[in-house]
Every structure is written in structure tokens, then in C-alpha cells.
Amino acid sequence: MVAELVARGAHDQLGYRSMVSLLVDRLGVSAGVARGMIRVASVLGEMPHTREAFESGALDLGRVRGLVEARQANPEVFAAHEAVLVDTVGGLAMGDVGRALDYWAQQASLEYADGGLSARRERRRLHVSVVGGMVHLDGRLDPVSGQVVITALDTLTDPANLDPTDDRTPAQRRADAIVGLCRDHLDHGDLPTQRTRRPHLTVHVSLEALEGRAGRPCELDDAGVITPEAARRLACDATITRMITRGESQVLDVGRATRVVPAGLRAALEARDRGCVIPGCGAPRRWCDAHHVIHWADGGPTSLANLALLCDRHHTLVHEGRVRLPARE
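When we follow my numbering, the leftmost residue of the sequence shown carries the number 74, and every step to the right adds one.
The reader is advised that the hints may include incorrect statements.
[What the hints assert, rightly or not] Per label pair, the in silico range of CB-to-CB distance:
#, residue 1, residue 2, range
1, R112, G206, 31 to 41 Å
2, D257, M207, 17 to 27 Å
3, R347, V157, 56 to 66 Å
4, D371, D231, 14 to 24 Å
5, R198, E302, 26 to 36 Å
Hints listed in this document are in silico derivations from the structure and should not be mistaken for laboratory results.
Computed from a predicted model, the values in this text were never measured in an experiment.
C-beta: ideal position from N, C-alpha, C; glycine also.
Take these sequences, add in the hints, and give me the full structure.
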């Protein structure tokens, strides 16, 4: 149907700027999906075996898209092999279809396959946006770069290396893992200086919010508003700059930044706890925050006796009251 609409120039007759905008409006799909539909429709007329299998339901759209992309390696060779390729991908699990077609494309034209890998790399992207109080990530990577990310995430999500009581879903583990990798990079990486300071997480928080009450401001630079409890958790081990204001904007005084947990005390804490103190966790010391048992905003001292190492996950759970710290001997 899309092929027929393209052939008739239907978008112009119906008052649309392009076929993409017509499909987006009439079908409710994204522009990327619409372009993919047009790309498939434009060549199906030259792929009789693929079209027949698609129309009969023997092939789904994902397999058809794979065949369309593979055809670009060498259309003449593809025409000779099409019937066999259709039968082959129809009998494979979806996860194996791309692998089989990639090997065929290499045999049909190694030069095209090499160019295809470069083209895939050029299509890499990552979008980060704040929508509805959540930070949304959306992107795609070429196979080599993607494997680097998959391997790094696997080191932090392998169930064999996790606390047996960990009830997070695989998707939640991956989300926490990518945050953990970024936190480790910010804490320990060789980072460039930006405007005289190393990159860091900044929370703008009022005294009321820091004491656990509702108060403004209580927000991150880019991601927006957070709860007072989240601010207290971040403040457990942070550099604090006091800023006295009149109302919400007029700055009267800015005090020096002070380190809540000095380097020497942090070293003693790591030597004592060695890692996250929650039994069964096993997160190494470099992945942990210094948690104030009695929050310093509530008068708790920054002393070894009032500190404990907690990984980011258990630090959150302790502040939420869902996990208790083990008793000290």
C-alpha cells in the first residue's frame, strides 16, 4: 500500500509536504519508522520472493528489512540467491537473521560490507532529554562500540556476581550499571578541567530541604527537581558550599567550599569497611559513598564511628528506610 501511495504521489494530492509526513500523520508512527516503510516499499517490487513471503505472512517486517538492507551489497547476486535467502531467514531465530545476512553480504561484496560498517558508525547517536521528571536515553551504536558497552555493563549485571537477594529487573540492573560506570568515571577518571573545576554533580538545596523538609530550591542543574531525601543522600559525601540569600535569588554571602568527608577520614573508612557494609553485597570500596548514620544536617558528626560505606543502590535503600545498616560489633 505504501508503494502504491509513493507511485501515485499521494502526499502531494492530499496536501502533505512529503510521504514521510503523510505516514506520520495517518499512521501515528515516528518519522524514522515512516522512512523505513518507504525504503522497504520502494524495492519490494524488485524482490518477488521476499514480497510473496511478506504478503503471505511467511516473513515478518523485521526479516524483510534485513533482506532489503542485504540486497544493497550486490543486487544482481541477491536476485540469484533471493529464494534461498528467504527460506533461510524464515527458519532462523530473529537474533540470528542479522548475522546470517551480514555474512552473505560479505561474500557478495566485502567492499560493501566494509563500507556498511563505516556507514553504521556514522549513524551512531545518543540523545539525553528530561521528560516528565525522568531522564530519557535513546541511541544506537555500531557493532564494535556497542560490544564495548555491552561488555562493560555485563561486568556489573552478571547475576552470579550480585547479592542473591537483589530483586532488580535486568533492565533496572543495566540502568544502575551505566550510572555506576559514569559515577566511577567522575570520581576517579582523568577528567579535563571545566572553568577551573573538574566536572561534578551539582545540587542546589535549601536548608529546609537538607533537613528533610519541603523547601525550595532542591534540584539538579539539568535533571530538575528532586526530593529532600534524595538531596540528603547526595549530601552524605559531598563538597558543600554555603550560600546565604535573601528570598530566593539575592545572594548575601558565599562561604568557602568544605569537604564533608576529608580524604584521610575516607581512607580510614575504606580500610575499616573495605566495601559496601550490607551483608552479601560485595560492592568494592571505590564504588561506595560515605554514608552518615546520623545525617550531618541533623547534627551527626563527620567521624569514623558515624560513617559507613554503602554502594549507590544500598545507599538509596537505607535513606528510603527499606534496608537497615548492620549492627557494629
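Going through the hints against the structure:
1. R112 to G206: 31 to 41 Å: holds, 36 Å
2. D257 to M207: 17 to 27 Å: holds, 23 Å
3. R347 to V157: 56 to 66 Å: holds, 59 Å
4. D371 to D231: 14 to 24 Å: violated, 38 Å
5. R198 to E302: 26 to 36 Å: holds, 35 Å
Against the hints set out earlier in the document, a violation occurs for number 4 only.
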